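Protein chains in written order, with numbering that gives the first Met the number 0: chain Y, 0 to 398; chain W, 0 to 354; chain U, 0 to 87.
If you're looking for bench data, these hints aren't it; they were derived computationally from the structure.
Since no wrong hints were added, every one of them can be taken at face value.
Computed list of lysine-lysine pairs in PhoX-like fashion (alpha-carbon distance at most 20 Å, straight line):
#1 U:K58 x U:K12
#2 W:K50 x U:K16
#3 U:K67 x Y:K297
#4 W:K50 x W:K68
#5 U:K12 x W:K50
#6 U:K70 x U:K16
#7 Y:K145 x Y:K64
#8 Y:K308 x Y:K273
#9 Y:K308 x Y:K297
#10 W:K50 x U:K11
#11 W:K233 x Y:K145
#12 U:K20 x W:K50
#13 W:K50 x U:K70
Everything numeric in this text was worked out from a predicted model, so none of it was measured.
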Amino acid sequence: MFNPVYIAGAGVIASIGDNVAGCMLSLENYRDGIGEMQWLQSVHQHQLPVAEIKKSNEELAELSKLPVNTIRTAMLSKIAATEALSNSGITDFMGLRTGFVSANSVGGMDKTENFFQHFSKDHNAGRLRNVVQHECGSATQFVADKLGIQHLATTISTACSSSANAIFFGARLVRNNILDVVVAGGADALTKFTLNGFNSLMILDHLPCQPFDENRRGLNLGEGAGYIVMVSEKAAKILNIQPVCTLSGYCNANDAYHQTASSPEGTGSYLAMKGALQKSGLQPGDINYINLHGTGTKNNDIAEGTAIKNLFQPQYPKMSSTKSFTGHTLGGSGGIEAVFSVLSVQQGYIYPNLRLETPMAELPFTPETRFLKNVNVNHVLSNSFGFGGNCTSLIFSKL
Amino acid sequence: MEKMKIYINATTGISPQESFGATVYPESITQHPGNWFNSIEPDYDTIIDVKLIRRMSRIIKMGAAAALKCLQQAEIKMPDGIIVGTAYGCLQDTEIFLQRMIDYNEELLTPTAFIQSTHNTVGAQIALLLQCHHYNNTFVHKGFSFESALLDAIILLNENEMNNVLVGGVDELTNSSFDILSRFSLYKKSLPGNLYTSKTKGTIAGEGAFFFLLSNLAAKKNMAVLNAVDFFYKPQNSDIIADKINALLSSQGLSMNDIDVIITGRNGDINNDALYDTLEQTVFTGRTVINFKHLCGEYPTAGAYAVWMAALMLKEGKIPQALSSQKTGNEKIRTALVYNHYLNEHHSLFLLTAC
Amino acid sequence: MEKEKLLQDLKKKIIEKFNLKQQPADIGDDEPLFVEGVGLDSIDALELIVLLQQDYKIKLDNAEDGPKVFKSVSTMADYIIQHQDANV
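Chain Y on its own, in the form it takes in the complex (with noise of 0.2 Å):
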């Protein structure tokens, strides 16, 4: 027998706020969080915009109590992570077997950068502690051990799925009885290692990006962290927890296409969303809100539009990037979308897909341009894909 996965809480700080009613005001309020770099040093600070969080390392180190010279993507999963126990009622964990399932795509980059810088030079100059969180897994170490985390903590790191993974893993934990609670989720941070990365794919936009629309011309890279908390049946009892949803259906597939592009006809995709529906046990027509992957390149939004047209036509329903808020995060992105996400299910909210202009011609369906609330939301289906083709889909569902 399997256990059910309940979903007990959520935490997430990202470009358009601190927390989860930072972000859940600025998304009613349609306030992105893109802009001219502020902290990140880079020569394209003026050329390429970021959705950086407004928050020196001195100010996160104090916000997440934690020492200055943290890697930049272990404090932002601190801050989230507490929260999403905070927000779960967990002070606690009362002997309950825990884990912390984290993702992130260049763990301690921030620093390794500055290292590098001398260490390339010379092999015996660069400082050590700028290299000591340099593994993907160190920020997640570090932070299950200040959360006394102790019971299994791990990382996976898929590019831009990694944290849809986290908690697609997570869960199944908790369904095989390994585990009574899972933090799980991801981080990333900005790092000029990734701007540049992406910048020479030429998919970088040169202004605030476009996901979904027709003239769309590139992604905006981001930082933030976004967790939630998942409990088994027992775990809520002896935790006085009332869950606020449901894990209902998952899915990993391979797109098996390119290392980076995505197939034209979105087969990873597809079979992501579809594998996802089989698990949950729903049909296309029960899902209410897609919290798309959508994140304004040429490829991956025609791929992605193209695979729900095929899966879901003809009735569509309402779907929007908040990566048009929040920037493409990476391998904080599955994280942060879960939770709003979980947050529209337990809300009734539908977040608006902002700037966009013109609806792609190729596709039948537009996405929701304003903010929703009170809506009757059900199942929401929650997109993450990445390089590599690797592509994961969530559904939240109301319990």
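Since the structure of chain Y is provided, determine the placement of chains W and U on it from the hints.
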């Protein structure tokens, strides 16, 4: 929970030993001079599609070749899932891109190294080579990277949504990673005559890429049964480790007396090995204990080497003479326990039995 | 620059850059560089854009011109000759 039996249908890997394609454990040990063991690599051109190979860095080639060979041995064309564990990911491509970024001051950068620097590249390239649309995941958690990947595979098989999963542990050593880890005092300055008796600090750097085709169905050919995996972080003392070992064994209805061979992760670092010393004087007393890090060196996913070695020994039913200083009886070995820890933080146990 | 020499240079550079098994003579002047011909893809196109910029000081501002310019070694050479003349 009722656990199903999990078979290792096939396994192979690339390492500092002649492991690639081996069906029995190689009788002779390949010696490496110095404090750095590099892999013995096959001719990749005969294994990997020429169209895809031209961009691949060393770790991607190692991982892809090991994965393809493992599937070939298992006679499986398309696995139901692909899971990779790697602590460091694709270091070489990461370094190339970082270097160019510095050299060209963020201008005139090309994407090839960047797109292959992501940690899921090995898993992704295997999927691409196979045109495999199935489950694909990558774990990157230090000394638990391979262990997490195995756990994921075991859960998938237990959930009975899949019948076979290709799972592997891969990590590469580069000039830079060696120099950085040396500055953290991880390695000895030179290789002593006997790694295990030098009583000095530091170990030997290693690397490797091993894949396993796990299945919840017995195939025509099986290497071994993977009975249980457990991993735990920073145990406070050796009693806790002993408890974990006993719990793992009793969960399988076994006791220490049933274990024919114990493979430990001794790496020659006096601090690191103290725990193994204690355990050999307590829970492991009277059992046959062998080591493996003098063969593959130390790296975060080295556990995969030990599991591969255990599977080959169980298939053969004996411990290769080259690996045991202890006199071993003629009795067929049927049960193997691997206990490994990485830097005293990440501890793992694997229990395997003969089919 | 003389086209014949340029063609040879480009073939050598392409082979080296993309780690191809072919010899320069194996690549036809008009052979398609992408997919069915030499077998390059969209990532390689981005590499070629940088190659133009770095080695020939020619900036291809619109990435969408890529397929036309990089159709074959010959089209690349024509583009270089054209734009180098324009720069003089």
